[in-house]
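J.: All chains should be built: construct the whole structure from the sequences, respecting the hints.
In case you want the letters, here they are:
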Amino acid sequence: EAEVAQSPRYKITEKSQAVAFWCDPISGHATLYWYRQILGQGPELLVQFQDESVVDDSQLPKDRFSAERLKGVDSTLKIQPAELGDSAMYLCASSLGTSGTDTQYFGPGTRLTVL
Amino acid sequence: GQNIDQPTEMTATEGAIVQINCTYQTSGFNGLFWYQQHAGEAPTFLSYNVLDGLEEKGRFSSFLSRSKGYSYLLLKELQMKDSASYLCAVRDPYYGGAANKLIFGTGTLLAVQP
Chain L
1 EAEVAQSPRY KITEKSQAVA FWCDPISGHA TLYWYRQILG QGPELLVQFQ DESVVDDSQL
61 PKDRFSAERL KGVDSTLKIQ PAELGDSAMY LCASSLGTSG TDTQYFGPGT RLTVL
Chain W
116 GQNIDQPTEM TATEGAIVQI NCTYQTSGFN GLFWYQQHAG EAPTFLSYNV LDGLEEKGRF
176 SSFLSRSKGY SYLLLKELQM KDSASYLCAV RDPYYGGAAN KLIFGTGTLL AVQP
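Top to bottom, those sequences are chains L and W.
Under this note's numbering, residue 115 is the last one in the first sequence; the count climbs by one each step, no gaps.
Under this note's numbering, residue 229 is the last one in the second sequence; the count climbs by one each step, no gaps.
Hints in this document: simulated from the structure, not taken from any laboratory.
For clarity, every value in this text was computed on a predicted model and none was experimentally measured.
Glycine included, every Cβ here is placed at the ideal spot set by N, Cα and C.
It is possible that some hints are incorrect.
Label-pair ranges, simulated between beta-carbon atoms [unchecked claim]:
1. W:Gln194 <-> L:Val73: 35 to 43 Å
2. L:Lys15 <-> W:Lys183: 43 to 51 Å
3. L:Gly28 <-> W:Arg174: 28 to 36 Å
Stretch by stretch, here's where chain W covers chain L in the computed footprint (C-beta under 8 Å, at least three residues) [stated by the list, open to error]:
4. 39–48
5. 101–115
T.: What follows is the structure, encoded as structure tokens:
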């Protein structure tokens with residue numbers, strides 16, 4: 001069964017350092033999402049791609065976060081500099097599209113701890 | 116604004132039936148999803164409702180009433196492995212920059228006891 005791949009699974013960093021997360025969606029999925037999930041809360045969308053284009057980054061803190069999906073396949077989310085409040089689970093998801101029964105499938109996530 | 120409400124925690128007994136409720140108030144509606152999330156793991160898809168009524172899938176069923184802004188997830192014959200957080204998410208076609216954005220509730224943490 002096809003899965004969304006993410007790496008690393010865990011990342012510990014010090015504040016002011018740069019971190020990067022990688023995601024490889026299910027093959028053929030045009031839509032890719034990055035979510036942040038704080039413990040005890042539901043996932044919150046940071047950025048959404050349709051192929052290589054950003055269609056929603058309204059909740060992305062653009063002063064420190066950036067995301068790209070250059071060839072419309074895998075994607076990278078970067079934080080520079082990291083702050084204590086960035087400690088969270090970062091989830092990547094993908095779907096065929098955004099309508100009808102298109103379901104978002106999640107990867108295993110990256111647990112970020114900022115010290 | 117967007118609002119999705121679920122109970123924070125529930126406790127049930129192994130072998131029993133439990134119903135997890137979700138109410139929502141969103142700008143628009145284009146489907147409701149339920150996901151299961153074990154501690155420290157990614158959410159996994161359970162069910163999807165877009166029309167009123169009951170969708171059954173094995174031990175799990177999900178119900179939707181669009182006029183009431185209400186859904187529930189029904190878990191039958193509870194097993195210990197069902198202990199997890201259950202997330203309700205609404206697809207809203209009008210909210211935010213992207214079409215059909217998925218808005219998640221905070222989740223209901225279900226503890227199944229022997």
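J.: Quick one: which hint numbers does this structure break? Sort them smallest to largest.
T.: When the structure is compared with the hints, none of them turns out to be violated.
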